[in-house]
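Colleague: Residues per chain, in single letters:
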Amino acid sequence: MIEQNLSLLLVVIPLLFSPVVAILPNGRLPWLVVLAVTWTCLVIACWQLSVVIDGKIISYELGGWSPPWGIEYRIDAMNALVALIVAGVAAITVPYALLSVEKEIPTQQISLFYSVVLLFIVGLLGIAQTGDVFNLFVFLEISSLSSYVLIAMGRERRALTAAYQYLVMGTVGATFLLIGIGLLYAETGTLNMQDLHQRLLPIIDHRTVHTGFAFVVVGIALKLALFPLHLWVPNAYKYAPSAISVLLAATSTKVAVYIMLRIVFTIFSSDFVKTTPTDLIFLILGVVGVMLASITAIFQTDAKRLLAYSSIAQVSYMALGIGLASTLGVTATLVHLFNHALMKAALFMAVGAMVYRVGISRFEELNGLGRQMPWTFTALFIAGLSLIGVPGTAGFISKWYLVLAAMEQQAWLIVVVVLLGSLLAVVYMWKMVEVLLFHPLTSTGAAVKEAPLLLLIPMWILVLANIYFGFNTELTVNVADTATRLLGVSTYHE
Amino acid sequence: MIDIIIGHYNYWVVIFLMMAGFYTVINRGNLIKKIAGINIFQTSVFLMYISIGYVSDGTPPIIAEGFTKYSNPLPHVMILTAIVVGVSTTALGLALVVRIKEAYGTIEEDEIHDQDMSL
Chain A
82 MIEQNLSLLL VVIPLLFSPV VAILPNGRLP WLVVLAVTWT CLVIACWQLS
132 VVIDGKIISY ELGGWSPPWG IEYRIDAMNA LVALIVAGVA AITVPYALLS
182 VEKEIPTQQI SLFYSVVLLF IVGLLGIAQT GDVFNLFVFL EISSLSSYVL
232 IAMGRERRAL TAAYQYLVMG TVGATFLLIG IGLLYAETGT LNMQDLHQRL
282 LPIIDHRTVH TGFAFVVVGI ALKLALFPLH LWVPNAYKYA PSAISVLLAA
332 TSTKVAVYIM LRIVFTIFSS DFVKTTPTDL IFLILGVVGV MLASITAIFQ
382 TDAKRLLAYS SIAQVSYMAL GIGLASTLGV TATLVHLFNH ALMKAALFMA
432 VGAMVYRVGI SRFEELNGLG RQMPWTFTAL FIAGLSLIGV PGTAGFISKW
482 YLVLAAMEQQ AWLIVVVVLL GSLLAVVYMW KMVEVLLFHP LTSTGAAVKE
532 APLLLLIPMW ILVLANIYFG FNTELTVNVA DTATRLLGVS TYHE
Chain B
145 MIDIIIGHYN YWVVIFLMMA GFYTVINRGN LIKKIAGINI FQTSVFLMYI
195 SIGYVSDGTP PIIAEGFTKY SNPLPHVMIL TAIVVGVSTT ALGLALVVRI
245 KEAYGTIEED EIHDQDMSL
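Quick note, the sequences are listed as chains A and B, same order. Using the numbering used here, the letters of the first sequence correspond one by one to residues 82 to 575. Using the numbering used here, the letters of the second sequence correspond one by one to residues 145 to 263.
The shape of chain B in the complex, shown without the other chains (with noise of 0.2 Å):
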């Protein structure tokens, strides 16, 4: 049982931070967190390939005399891509929020709703 909790506590950090950021993403009205909350939730998976490679006890993937065991180097590979779609995301969810805020004066979505509504 201890084992289960304390072995995998890196998986537990990932359930946590992908519950804590999807939350953000549902719950929170202002655009801004919203964003944040994705990013929070797509850091977990990155965690989550990361512990996916990992090998007990293995190195970076690096040949060198004296060591045998390497970590798997395609999920870090992958998760690379990942965060450079992450990134533009962000990037891209930020800018849509500057252009909202200059046409609506606001980034609260309740507050945007009731513009839109009142037309």
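The shape of chain A in the complex, shown without the other chains (with noise of 0.2 Å):
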């Protein structure tokens, strides 16, 4: 009885619980609430994908109603997978907001706080479970509102502003997006998705079709941060209070990619997409976002803004995989997506961690701070390898599966674009090794002890899964093999 409702109950459960939260006392109660919750949703999460890893499907009838009239969930192995990380990432970051929290977070405030972190929780997993285009700009809608709260809780005044222009832009998207489902239902009369792609087939050549499509695609491109598109998140990174800087690296930008793939492969096809310019438009926005992000990423001074630039280039490969629209590439871009979610939360964490010590994430601030924090800094410094795509790390999982699939459809500037992005994120990865390492402590940072083992264990787990995930590939690339054999993508052929 409950088993077959699990995968409601994953939504439905922070979703009670954050008006709950939000009633009880400021101080470590609702914290502890939301601690079992998302462990609770990681357990569901878990149970889920190894239900439909081989490929099994679950479909389940909101209310009864059958789809397409009712709303579906429907999980195959890409929305557990994206489930997946987005409850483990809370998982593991909840633990560590507790004491970052109660130092930048008014404690008057702290029960909202964790109320509204909730219902941004709610919002990623209902994107991941839903099959229902409609329902899924609900879900989004849900996400966006409360991280632009979350972001504006940032103790600096530019958290205003940054969480201000988050709001415009993210909106802005969000309404592209419902102007695409608009015109898609005008032509098809279908909000499920699996129905939207029988109905299309037919008419796959009407312009109604394409202006949707390309509404859709722009509007989901600005949630994802792809070039030239992405800048709302540096500040909305930088300024956010610690926590929120992880959550928001980890999930957000990963959700929307699985928004784009769902949208582009499953309601439309890989065929559509190499008939139409769409896999030109994101190889050439890929290209340019890997170099330019990467580039602007060398000359920060700040730390957080360097990571957040890091992983608008980050997300450029995840748009090469789809550009490549084969089977390896949207393989590379699914591991990417999970292997890119453990290496910055675990980034964001050490930063955050200096942070909790320092105050700011400047780099005059941060000078030699890695030989006072050592257990932080070689964390820092194992997950900066992992992003650069060093062998032996996760990174170099994703990055590997993406050369090979570039070098499968003969596209060499890809492939010589992957490897200097990597060069490039050795620049700037060692350029903040510099700060910490070598540079002269300054008075205050000869005082910073090393940080609170509430914050070091949670970025250990992150730093550990990173190694382990560069070892044993057999839960990442299986999983990406089976969705993306689900999602109908065609193996490349000359």
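Be aware that one or more of the hints could be misleading.
[Said to hold, decoys possible] With the C-beta cut set under 10 Å, the calculated list includes, among others, these residues of chain A facing chain B:
#1 ALA103
#2 PHE215
#3 PHE218
#4 HIS278
Just so you know, the hints here were simulated from the structure itself, not pulled from any lab data. Using N, Cα and C, we set each Cβ at its ideal position, and we do this for glycine too.
Join these two chains into a complex; the hints should help.
Modeller: Next comes the structure, spelled out in structure tokens:
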């Protein structure tokens, strides 16, 4: 009985507990409830993945209305993987959040803060679970609105303008998505993704369908921070509270990549991508995004902003995978989705731990801190290696697949760009290492001690996961492979 | 030709509102005007959905004697949801503007930018 409903409960449990947390007294109780909820979600997400891992599909009809009339939750390997990323990152970030939130958020706002965190997770999990495009729009807005609130809770006043900028751009993106969904609905009369795919096949050449596709893709590209629609990212990541930077960087853009895959390959198809200039657009934007964002990252003077630009570059790699539109390419995108969540969460946690000690993430305040905080620094260093793509780390696996996918199509430019991007990553990560290790300590820096254990343990779990998934690729690659097969992406042939 | 202009007048209104709203979002430096622009932009989408659901000579979808042609209620329901989303976005956006005004003493984008740069 309960087993059939677990896929729905994954979304409903955090949704129900969000108002409960809001009325709890401020203190550590709200945190404890959120911790319990996120770990329950993680268990359900793991169970869900174990069910669908060999290609089975869970279909849940909300309210007993059969699809395509009712809303369907349709979970295949890709949904389960994304839900696992969201639930996993949330479950690991919440323990990390306790101390840094107590330091950064005013005491009287703590229960409300955690309530919004739960809403944010609800939105992301909902996107991962649903098989209905309008439902997806609603969940996207739930997660976006709560992320605007969370960013605005940052301590500096520029957090407000960062949140405002993100709100304007995010709302324009969501409205574009709504226009696109409306046009597709006008042509087909359905909102169910599978049904949309079937009904679009005979009318795929209609101009309305193409216009709808363009609106949806541009709208999602805004959320995904695809170049040149990435302008909201650096400030949003920088001025958000540290724990929120971790959550945002590791989950929200990844979920947007997932939506893009669903729209492009499930509702439309890889043939559509290849017959229209879609693949070319993704490849060009991906190439420019990787190069420009990596170069910009080198010139940053703030650790969080540097990581934000590196995030934009990494998302561009995923766009390259979509643009290649082959089995290998999409597998690379999915594997990178998972691996990038691991490495970016670890990196932002490490920088967050330093911010916990000194208060600011600007480089001049971080000078020499690596010597004072050896464990945090080592975590940052290993996660940085993973970001660069050194063999033996998770980052290597995804870049390897991306290079394979590009070589398969003789797209040598893409291969060069991926390698150049990694070299640039070496440069900007080295810049951080240099500041942390070799620069002389500031007067305040000399008194800084290692970060508390509660910050170190989640960080090191992620760092070890980075190494583990660098050697054991069975889980990530198998799931990505099954997911790609179910997406109906064809293998490349000349 | 005249048929395209008159027969689709509601879509022309949609396009006009959409462009006017979008232009306001991009062009105006006043934070409240930007929010107003977003509102107009979203309203045009509401109008588009309602137009999609309309069946010519159809009545509202209520079963009654003598009426056989009904408009499609689903787009209307969807747009009710989207209106709720729009209202909450506006509320949140304006709340942010209030906080920005408290922190910076202005709601003009260029003045806020100057203050941030002068630090």
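Colleague: State for each hint whether it applies.
Modeller: Comparing the hints with the structure gives:
Annotation: interface hint on A/ALA103 violated; nearest CB of chain B at approximately 16 Å, more than 10 Å. At its closest, the beta carbon of A/PHE215 sits 6 Å from a beta carbon of chain B; the interface hint therefore holds under the 10 Å criterion. Restraint check, A/PHE218 versus chain B: the minimum CB separation of about 8 Å is within 10 Å; hint holds. Because the smallest distance between the Cβ of A/HIS278 and any Cβ of chain B comes to about 19 Å, over 10 Å, the interface hint for this residue is violated.
Figure legend: structure checked against the earlier numbered hints; hints not met, in rising order: 1 and 4.
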